[in-house]
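Based on the sequences and whatever the hints tell you, model everything.
There are 2 protein chains.
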Amino acid sequence: MVNRSELVPTAFKELPDITGIRIYTFETNTKYKKRDDLLVVVFDKGTIAAGVYTSSLCPSAPVEWCKESVNYNKIRGLVVNSGNANAFTGKRGVQTVNNMATGLAKNIGCNIEGIAVASTGVIGEFLNESMILDAIETIDLRMPTSSWVDAAKSIMTTDTFSKLAFKLCKIDNCEIIINGIAKGSGMIAPDMATMLSFIFTNANISHSLLQEILKETTNISFNAITVDGDTSTSDTFLAFSSNKAKHRLIEDINDPKICEFIKSFKEVAINLAKQIVKDGEGATKFVTIELEGAISNNSARIIAKSIANSPLFKTAIFGEDPNWGRIVMAIGKAGEPASRDKVKIWIGNNLVASDGVVVANYNEEVVADYMKNKNINIKINVGIGEGYDKIWTCDLSHQYITINADYRS
Amino acid sequence: MVNRSELVPTAFKELPDITGIRIYTFETNTKYKKRDDLLVVVFDKGTIAAGVYTSSLCPSAPVEWCKESVNYNKIRGLVVNSGNANAFTGKRGVQTVNNMATGLAKNIGCNIEGIAVASTGVIGEFLNESMILDAIETIDLRMPTSSWVDAAKSIMTTDTFSKLAFKLCKIDNCEIIINGIAKGSGMIAPDMATMLSFIFTNANISHSLLQEILKETTNISFNAITVDGDTSTSDTFLAFSSNKAKHRLIEDINDPKICEFIKSFKEVAINLAKQIVKDGEGATKFVTIELEGAISNNSARIIAKSIANSPLFKTAIFGEDPNWGRIVMAIGKAGEPASRDKVKIWIGNNLVASDGVVVANYNEEVVADYMKNKNINIKINVGIGEGYDKIWTCDLSHQYITINADYRS
Numbered sequence: 003m004v005n006r007s008e009l010v011p012t013a014f015k016e017l018p019d020i021t022g023i024r025i026y027t028f029e030t031n032t033k034y035k036k037r038d039d040l041l042v043v044v045f046d047k048g049t050i051a052a053g054v055y056t057s058s059l060c061p062s063a064p065v066e067w068c069k070e071s072v073n074y075n076k077i078r079g080l081v082v083n084s085g086n087a088n089a090f091t092g093k094r095g096v097q098t099v100n101n102m103a104t105g106l107a108k109n110i111g112c113n114i115e116g117i118a119v120a121s122t123g124v125i126g127e128f129l130n131e132s133m134i135l136d137a138i139e140t141i142d143l144r145m146p147t148s149s150w151v152d153a154a155k156s157i158m159t160t161d162t163f164s165k166l167a168f169k170l171c172k173i174d175n176c177e178i179i180i181n182g183i184a185k186g187s188g189m190i191a192p193d194m195a196t197m198l199s200f201i202f203t204n205a206n207i208s209h210s211l212l213q214e215i216l217k218e219t220t221n222i223s224f225n226a227i228t229v230d231g232d233t234s235t236s237d238t239f240l241a242f243s244s245n246k247a248k249h250r251l252i253e254d255i256n257d258p259k260i261c262e263f264i265k266s267f268k269e270v271a272i273n274l275a276k277q278i279v280k281d282g283e284g285a286t287k288f289v290t291i292e293l294e295g296a297i298s299n300n301s302a303r304i305i306a307k308s309i310a311n312s313p314l315f316k317t318a319i320f321g322e323d324p325n326w327g328r329i330v331m332a333i334g335k336a337g338e339p340a341s342r343d344k345v346k347i348w349i350g351n352n353l354v355a356s357d358g359v360v361v362a363n364y365n366e367e368v369v370a371d372y373m374k375n376k377n378i379n380i381k382i383n384v385g386i387g388e389g390y391d392k393i394w395t396c397d398l399s400h401q402y403i404t405i406n407a408d409y410r411s
Numbered sequence: 003m004v005n006r007s008e009l010v011p012t013a014f015k016e017l018p019d020i021t022g023i024r025i026y027t028f029e030t031n032t033k034y035k036k037r038d039d040l041l042v043v044v045f046d047k048g049t050i051a052a053g054v055y056t057s058s059l060c061p062s063a064p065v066e067w068c069k070e071s072v073n074y075n076k077i078r079g080l081v082v083n084s085g086n087a088n089a090f091t092g093k094r095g096v097q098t099v100n101n102m103a104t105g106l107a108k109n110i111g112c113n114i115e116g117i118a119v120a121s122t123g124v125i126g127e128f129l130n131e132s133m134i135l136d137a138i139e140t141i142d143l144r145m146p147t148s149s150w151v152d153a154a155k156s157i158m159t160t161d162t163f164s165k166l167a168f169k170l171c172k173i174d175n176c177e178i179i180i181n182g183i184a185k186g187s188g189m190i191a192p193d194m195a196t197m198l199s200f201i202f203t204n205a206n207i208s209h210s211l212l213q214e215i216l217k218e219t220t221n222i223s224f225n226a227i228t229v230d231g232d233t234s235t236s237d238t239f240l241a242f243s244s245n246k247a248k249h250r251l252i253e254d255i256n257d258p259k260i261c262e263f264i265k266s267f268k269e270v271a272i273n274l275a276k277q278i279v280k281d282g283e284g285a286t287k288f289v290t291i292e293l294e295g296a297i298s299n300n301s302a303r304i305i306a307k308s309i310a311n312s313p314l315f316k317t318a319i320f321g322e323d324p325n326w327g328r329i330v331m332a333i334g335k336a337g338e339p340a341s342r343d344k345v346k347i348w349i350g351n352n353l354v355a356s357d358g359v360v361v362a363n364y365n366e367e368v369v370a371d372y373m374k375n376k377n378i379n380i381k382i383n384v385g386i387g388e389g390y391d392k393i394w395t396c397d398l399s400h401q402y403i404t405i406n407a408d409y410r411s
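Protein chains in written order, with the numbering used here: chain A, 3 to 411; chain B, 3 to 411.
Simulated from the structure, these hints should not be mistaken for lab results. A virtual CB, placed ideally from N, CA and C, is assigned to each residue, including glycine. Wrong hints could be hidden among the right ones.
Said to hold, decoys possible - Some chain B residues near chain A, calculated using beta-carbon distances under 10 Å:
hint : residue
1    : Phe90
2    : Glu127
3    : Lys316
4    : Ala318
5    : Trp326
6    : Ile403
7    : Ile405
Below you can see the structure in the form of C-alpha cells.
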C-alpha cells in the first residue's frame, strides 16, 4: 500500500461549470474495483480542440488515433479509461480504440473523428473494452452530470491525490473559465503513471490558435517537469474550448485581447504540472532548478534536465545532503557549453560555489539546515551566455524503489 | 556500513610481474585511515602509454594534466590517490597536480611531462598534498615493491572489492603479459566512485598503436557499462607498455602479429568493466542487454543505454519482475528508429513479445522464475536493420539510495 504523497497540496473543492461541456464518470470494473475508472466528456457542437502527445516512437493506440484521425475542428467527445494503456497491443488495440470512439459517436450522433480517446495503465495487455462500451451506451445527455473532482479522480492510476486547477480571466470583458485536470505520478512511468492532462475553456478561439497556445504551454509546464526521466507511450495533453464566450473569434496569437488568457492558461498548466511532481513516486522534496548563463534557452533546458534526472543528485536531495559536487558532475555530463571556472551554484539563497571552487566562507551547517525544507531551490549560472530555463523535479527515495520494484508482484 | 557486493567474483590471488614496472603503495592518511590510499608506479625508460578520459566538460585537474601535458612517448611514472578527486578546485588544484608530478619526476630524474596523475574521491574539496609528497619522496627504486593486489586495493573508494584481471598471449612467440586493475562502483558516482583503470603490458608497440587499441577497447568495455548513467569528472583509462618484449616493434593495427594481443587486451578490459558493474552501488543483479536489428551499431548503443539507464527498468529487475512493458517504454523514449510492430523481446531464452504484442503462449510464471537468477540476459530486436550492441548493467535497489543519500551525512 502506497501512502499519500507528503507533498500533497491543498485540494480544490470544485471547479466552475462550463456550459456545453458535460462530464460523466463510471465504475466499469475493467481493472480497478470500487472506484470510477472511466471518464466521458461530451461537448456541444462548435467545440474545438488541440493536442500534444508523447515523443515516444512506440506510442499507444489511443495516441495514434488522436494524432492521426481526430478532427479537432469538430470535436464532440473525449473518452478516457484508467488501468490499461492499450499500448503495444497491435491491431487488436487499434480496433479497441475504434470501438470506443464508435460507441460514443453513435450515442451522441457524430462522426467517429469527433471523439478523442486516451488510456493509461498497464501496457502490453489487451484492453477488454466490453464494460467500457456498455457504460458509454448508457449515456443520456438529460441525465445528471458528474463533477470536475469526479473527473479528476476517475483518470487516476498510481496517483495518490487527484489533480485539478482553474483560473478565471477576461477576454474583451467576457468572463472566461479555464479548468484543468491531470494525472501522473512518476512523470512518466509506463505502467500506471503516464501523464495525462485535459484543459477545458469557453474562450472563442480558433483551433490553430489553441494549438499554438498548447504547444507554448507544454514547453514551460509538462515538458519542464521530470520525476524519473522515463517517457511514456501514452502521454497526452489536450485542450478543448466550447467557443461559447460572446467575444469575437480570436485567431492570432499576437492579438492583445488574448494575452491575459494565454497567461492564465499557462498558469493552470504549470499548476497541474507541479502537482504531478508533488505526487512523484516516492517524492519527499519538491525541487525547483533555475539554470542561467547558458548559451541558449535550449542548452539551459538540457543542463537543467541533466541535473534533475541524475540519480546521484536526486538521492542527495532525499538525504538532505547539500552535495553540490553532484551538480557539477551533472553539468559536466550534459555535454553543453559551460565554463567550469565561472560556474556559480546557489542552494536556496546560499552561494556555495563560485569561479570554479567552493566559496571561501562556505558554511555547510547553514546549507545542510536549508536542505531540511520540503521545497528546495537550486540556481546555477554556467557562465557562458544568456540562456535561461526553470524546471521542477522531486527527489529519489526508498519509496520510489518500493513502488516500482514491487508493483506487479 | 556498506556490505560487500552480492555479485563479487572469485578474486585473483596475484598477477605476474612485468619487468621494468615497479609498484609502490602508501598509507598517507590523506582521507582514509588504516589503508593504503596512494599508488605510485615507476616505469623504466622506453615505456610508452595511451589514455582515454571522461567526456565531462567539467573535468578534474588531473584529467586536464593527462590530456594536455603528459608525454606518452616518454612515460616514467603514474601517481594515483584515492579519497579526493581534486576536481572543481580551480588554480590551486592545477598547482597540486603539478606538485605531485614534480615530486616524482625529481625523485626518479625525468621531466614532469613523464608523470601521469589520477585522483578520485570527493569533488570540490582542496586536496592537501603534503602527505602524498612526503610519501613520494621516500621512494627508492632499490626498496621492495608492492604487489598488484596492493595496487588494486590502494585505488579503491566506495568499491566493496578490489578489481584485477590479466591475460597471457604471444606476439611472434614472445610471451606477453597484460595486467589490469580498476576501481569504480556506481559507474560513475562523482564522489567516491569514479571509474579508473590502468592496464600494463610488455608488448613492443608504438604509442599511436596502443592509443588506437585503447580507443577500440574503451568502446566495448568501459563505455559499454552503466550503473546509474552518471558521468564523473575524473574517469581515466590509461595503458602502459614497457616495450621490453623481444619481438620487432609493431606499429600497424592491421599487422596480423598483433591480432591475438588486441583480443587479449580487450578481454582484460571487458573483465574489469564487468567487475565494476558487479560492484555497482547496491547491485543485486548483473544484467546483459543485447540489442539487435537497429539501423546502426551506434543506434543500437543508444537504445541499449536507454533501457539500461531507465530507473523503471532497473527497479523492475531488482523486484524480479519480468516487466517487458518498461523495455518497450525505454525503446520508445530512445528516439532512435525502431519498428513498434516488429519488436521482439527475449528474457533469458523466453520470447515474451513479438510483432508488437505479447506472445500468444506467454507464461509469466516461467519468466518470473528466470528473473530470480543473479545473471539476467535480455535480448531485443527492434526490427529495422543490422545494427548490434551489447552492454552490461545492474539493478537499482534500496541499497543504492542508502549509499548515495546517506553518504556524506
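Okay, the hints, checked on the actual structure:
A cut of 10 Å between beta carbons decides the hint on Phe90 of chain B: the least distance to chain A is about 5 Å, and the hint holds. The beta carbon of Glu127 of chain B comes within 7 Å of a beta carbon in chain A, closer than 10 Å, and the hint placing it at the interface holds. Interface restraint check for Lys316 of chain B: the shortest CB-CB distance to chain A comes to about 9 Å, inside 10 Å, so the restraint holds. At a threshold of 10 Å, the smallest CB-CB gap from Ala318 of chain B to chain A is about 7 Å, leaving the interface hint in force.
A cut of 10 Å between beta carbons decides the hint on Trp326 of chain B: the least distance to chain A is about 7 Å, and the hint holds. Look at Ile403 of chain B: its Cβ gets to within about 5 Å of chain A, closer than 10 Å, so that hint holds up. Taking 10 Å as the C-beta contact cut-off toward chain A, the hint placing Ile405 of chain B at the interface holds, the least distance being around 8 Å.
Consistency note: the structure conflicts with none of the earlier hints.
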